[in-house]
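J.: Here are the chains, one letter per residue:
Number of protein chains: 2
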Amino acid sequence: MKLEPECVGCLFNQIMRALKTLKHDLLSEDILQAQKKLITHLSNININKEETPVIGKFVYDIVSETLNEPDPYKHIKKQYNELALEYYSKVEKIVNNSEDPVLKAIIVAAIANTIDFGSQHEIDFISDLKHFQMEKLVINDYDKFKDTLTKKTHILIVGDNSGEIVYDKLLISTIKKKYPEIKIVYAVRSAPIINDVTIEDAKFVKMVDLVQVIESCPTPGIHIESSTEEFKHYFYLEDNIIISKGQGNFESLYGLDFPDLEIYYLLKAKCTLMERLLDVKIGDFIFKKKTIGF
Amino acid sequence: MKLEPECVGCLFNQIMRALKTLKHDLLSEDILQAQKKLITHLSNININKEETPVIGKFVYDIVSETLNEPDPYKHIKKQYNELALEYYSKVEKIVNNSEDPVLKAIIVAAIANTIDFGSQHEIDFISDLKHFQMEKLVINDYDKFKDTLTKKTHILIVGDNSGEIVYDKLLISTIKKKYPEIKIVYAVRSAPIINDVTIEDAKFVKMVDLVQVIESCPTPGIHIESSTEEFKHYFYLEDNIIISKGQGNFESLYGLDFPDLEIYYLLKAKCTLMERLLDVKIGDFIFKKKTIGF
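The listed protein sequences derive, respectively, from chains A and B.
Mind the numbering: the first sequence is residues 1 to 294 in my numbering, read in order.
Mind the numbering: the second sequence is residues 1 to 294 in my numbering, read in order.
The hints are simulated quantities; they were obtained by calculation from the structure and are not laboratory data.
Be aware that a few hints might be false.
Said to hold, decoys possible - SDA-like cross-link-like pairs, simulated, lysine to any residue; straight-line CA separation at most 25 Å: (1) LYS36/B with GLU29/A; (2) LYS37/B with SER173/A; (3) LYS20/A with CYS10/B; (4) LYS2/A with LEU210/A; (5) LYS36/B with THR272/A; (6) LYS37/A with ASN48/B; (7) LYS36/A with ASN48/B; (8) LYS2/A with LYS74/A.
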């Protein structure tokens with residue numbers, strides 16, 4: 001996706017929020033200085049042409065530089081994984097005991113896309129899951145997905161956040177149980193970027209023991225040009241289903257067309273741009289088969 | 001006030017929201033193009049030094065240019081005034097029948113700071129007023145104000161939005177009734193800027209028949225350097241009380257010190273910057289005597 005009008009202000013707010021979250025006592029002047037770097041960058045590029053994951057990477061490079069930390073979310077990511085793991089067995093039971101475990105695991109993986117373990121949200125995940133109503137999955141292409149599962153040989157899941165990865169693992173286990181013949185590959189970012197999953201997270205939550213884990217790109221969304229050869233191989237594989245998790249991955253694929261690929265977006269809508277592009281409301285869940293233009 | 005980190009993203013969002021509100025069918029590319037002008041401007045100025053009303057004016061000049069309209073809010077402003085006038089006699093009765101009409105008129109003038117006559121908010125004004133609880137006036141320097149009213153000879157009210165001006169008029173009438181010896185002057189912007197009041201509004205709602213109306217500056221907040229001589233005269237007048245209405249005027253005075261002036265801010269907090277600077281919540285009402293640094 002190219003930059004949309006909703007993104008411009010958001011990028012500056014992301015710098016501010018990230019810096020405030022990561023260093024509480026940072027001065028306003030330092031935050032403004034960091035934002036100034038983005039102003040300079042945006043004034044030097046063609047904002048109508050640059051892909052959002054590339055700009056997103058630039059934004060988080062500014063955050064890293066300002067804090068002088070190559071992986072400023074390291075501790076938060078570990079904490080998210082640990083907390084997500086605490087609930088795993090409870091959630092696994094809910095999924096296994098449900099009428100359609102694969103559908104339930106998809107819903108769990110969507111809800112996990114917004115777990116915010118900061119503040120009081122820890123217990124909300126279980127509560128959200130128990131009180132989930134199918135109407136919240138406002139775009140639901142599960143029937144198409146179920147149908148395609150019986151026909152394809154491979155699934156590539158492009159991961160999004162730490163914490164969330166724990167329930168991607170549950171989704172994978174659940175699919176493997178019902179469709180043991182499908183080969184599943186899980187992609188993590190090739191370098192630390194925001195709270196996105198990297199190989200560290202995949203090792204920590206033992207995703208590496210369950211499926212093949214590969215590295216994609218160092219951007220907060222799929223950027224084919226800066227992706228590893230291995231990622232490109234699995235991305236363009238024949239007989240493949242791609243599950244793209246979260247808004248960053250969605251934004252990066254939106255507007256690009258891959259007529260030969262079968263891609264499903266699984267995410268929670270988190271901003272007004274999603275509202276406009278997908279005709280949904282913030283907070284809605286989406287499991288959508290990618291179509292031309294989307 | 002100088003630019004704060006909260007303002008940067010907000011300026012870009014203001015361009016987007018203004019353009020979307022004023023021209024529903026504008027293309028994303030055109031909005032992005034308008035935002036690009038702000039990027040270029042911010043990259044050329046010292047963002048640590050520029051005053052927010054000056055940047056605010058630049059932002060709305062971009063909006064005007066993009067729409068090729070010198071006063072794009074003209075129709076909306078007229079509509080706001082008309083609708084506010086419809087409720088005048090009802091609200092006037094509530095104020096006159098209250099225990100302390102001046103305090104009530106101050107509350108009305110604060111609530112009027114956020115009337116959004118778009119969508120379903122028309123009736124909310126009366127409802128907000130009837131259900132108003134004093135706890136919502138989280139900063140309340142009315143006792144100081146009441147005390148000073150018996151001592152000073154002049155009041156300068158610096159107006160904010162169209163619609164709202166109708167209830168500034170009610171505040172003025174109410175003060176005049178109780179303190180007929182005080183001379184009140186009302187300031188409007190010297191040129192159209194967003195939905196801020198200009199001399200057109202003052203004539204339309206007959207403010208000109210009630211008090212002397214003067215023009216301040218063409219910026220969406222007080223900017224002394226670009227203000228008229230008449231405004232400067234009344235602003236710096238001895239024995240004067242200044243009532244600064246709304247967030248734009250607050251922001252422009254915040255951080256500047258006028259030790260010889262007695263200034264009261266009357267506004268509704270509308271953004272996270274207000275939350276941080278004033279330790280309030282969005283939606284809270286403020287009637288605050290300006291102190292050094294604030």
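J.: For each hint given before, does the structure comply? Return the numbers of the non-compliant ones in rising order.
T.: 2, 4, 8
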